[in-house]
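Visitor: Take these sequences, add in the hints, and give me the full structure.
Going down the list, the protein sequences come from chains A and B.
For the first sequence, our numbering begins at 1 and goes up steadily by one.
For the second sequence, our numbering begins at 220 and goes up steadily by one.
Just so you know, these hints were derived from the structure itself, not from any lab.
Glycine included, each C-beta is placed from N, C-alpha and C at the ideal position.
Any given hint might turn out to be false.
Simulated coverage check for chain A against chain B, where a stretch passes if three residues somewhere in it have a Cβ under 8 Å from a Cβ of chain B [as the list claims (entries may be wrong)]: (1) 13-27; (2) 92-98; (3) 159-168; (4) 181-187.
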Amino acid sequence: MNWDWNFFWDVFPDVVSDGLLITFEATVYGSVIAYLLGLVLALLRRSPVRIVRGVTWAFIEFIRSTPLLVQIFFLFFVLPDIGLKFDPLTTGVIAIGLHYATYAAEVYRAGIEAVPVGQWEAATALSLPRARTWRAVILPQAIPRVLPALGNYTISMLKETPLLLTIGVLDIAGAAFQEGSERFRYLEPITVAGILFLVLSYSASLLVRWLERRVGTVH
Amino acid sequence: MFDNLSLFVSTISQGLLLTVEATLGGIVIAIVLSFVFGLAMLSKSRTVRVLARIYVEIWRGTSEVVQLLWIYFALPILIGYRIVPLLAGIVVLGMNFGAYGAEIVRGAVQSVPKAQYEGAIALSLTPAQRMRRVILPQALVEMVPPFNNLFIQLLKGSALLTLITAHEMTYQAREVLIQRHIDQAGLIWTVVLLFYLVLAILITTGMRALERWAARLVGRKPSQRRSLRSMTFAAKSHAPGGGL
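Guide: Okay, structure coming up:
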C-alpha cells in the first residue's frame, strides 16, 4: 500500500478544473439532442406510413444493440469524409445524443401509450387536427411523466462521457488519465475521477428521485 | 470499395474470440454477484444490507471507463503487478453489471406476491427451502427479460476493453485496420457494428429460450406479449445506469 495523500490533494483541483466543464457540456448537450431526437423517433415509430415505422424501428434497434464507443469512432472517421468537419467534442456529443435518443424514444413511447385512449377519442370528438391533438392534448400529458426516466438516461450519459477521451476530448476521466501519464502515477488521479463521478451521479439520482415524487413514473 | 471487405471481416473476427470471452466471463461474474448482492439487499441484517448497498452504489455510480482505467492503471500501484487486460476487463464488466443485476434480482424477488411467502410459511418450509423452491423459481421468470437487456449492455461494454489494449474486435479495427485503410473507415466500422449486432441477437435468442424454460418450470405459459416483442431486444426500462 502506498497511497499518497499529498499527491491526491495536489491533482484534485487540476482534474476538476480541466475536466468538469467538458463533462458537463457533453452531458447537457448530449441530453438535449437525445431528448429532442428521441421524441422525433418516437413519433416516427407511430407514423401512419408502414415503411417509416419499420425503418425507424430497425434504426433504433441497431443503434441500441451496438457499442457507443464504436459509434463514436464511426462518426469521428466518417463525418469528415462527407464534408462535416466538426471539432471532436461536437462529434462526441452527436454520438452520445444519437445513441441515447434511441433509448429516449422508447421512454416517450411508453409515456404516449400511457395516455388514456379516452383522450384521443375526446380530441377526435372535438375534431381537433392531428397536429393540435399531439401538441395540446397528448404530449402535455405524456412528457411530464417521462421526465424521471429521461433523467436516468442523463445520468447514464454522464457516465459515458469518458468515452470521448478516445477522440481526444478530455472530460474528468480524460483529465485524470492525462494527469496520471504526465506524473507517471495513475492511482490518485483516477481515484479522484471515480470519486467525482460517484458524487455527480449520486446527487443527480437524488434529483431524479425528487422529480419522480413530483410527477409519478411511467415505464 | 468492397475489395477489402474479406480482409476487414477476417481481421475483425480475429478479435471475436476475445470479445466473446470477455462477454461470457463478465456475464458469469455478473450473474453470481447479482444473486449474492441482490439477496443481500433483502437480508434481515442491517449490516449486510448496507454493505450490499455500498457495493451497488459504488459500482453503478462510477463510470465504467473509470473503473477499467482504475483496475488496469491504478491498482498495480497498490498491489505491485498489472493484471492481464482480458482478466481486468472481465472483472470490471462482472463487477459493474453485477451491481445493476443485483437491483434486478432484488426487484424480481420483491415482486413475488406476498401470499407465496405466507403459503410457504404455512407449509412450514425452512427459509432456505422457501427461497429455493417457492420464491426464486417465480422471481426467475421476471428476471430474464431485464437480464437480457443487461447482457446486451455488457456486450456493448466489452468494446471498452480496447482502452486497456485487449485485442478484441474494436481494437482490431482501430489499431490494425484503420491505420492502413483510413479511406475506408466507414466500411470498417460498419462491419464492426454488424458483428456486435449479430452477437446481441444471439444473446437475445438464448435469453428467449431461457425465459420459456423458466416459465415452464413454474407451470406458466410463456407470455404472448413478450414473444410478439421478440424482435425488440434492447432495454425497455433498464437503461445502462437507469436505476441510479
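Visitor: Decide, hint by hint, whether the structure agrees.
Guide: Verification of the hints:
Judged by the Cβ-Cβ criterion of 8 Å, the stretch 13-27 of chain A is not covered by chain B as claimed, because only 0 of its residues qualify and three are needed. Check result for the stretch 92-98 of chain A against chain B: violated, 0 residues qualifying (beta carbon to beta carbon below 8 Å, three or more required). Only residues whose C-beta sits within less than 8 Å of a C-beta in chain B count toward coverage, and the stretch 159-168 of chain A has 7 of them, enough to reach three; the restraint holds. Coverage of the stretch 181-187 of chain A by chain B holds in this model, with 3 residues showing a Cβ closer than 8 Å to a Cβ of that chain against a need of three.
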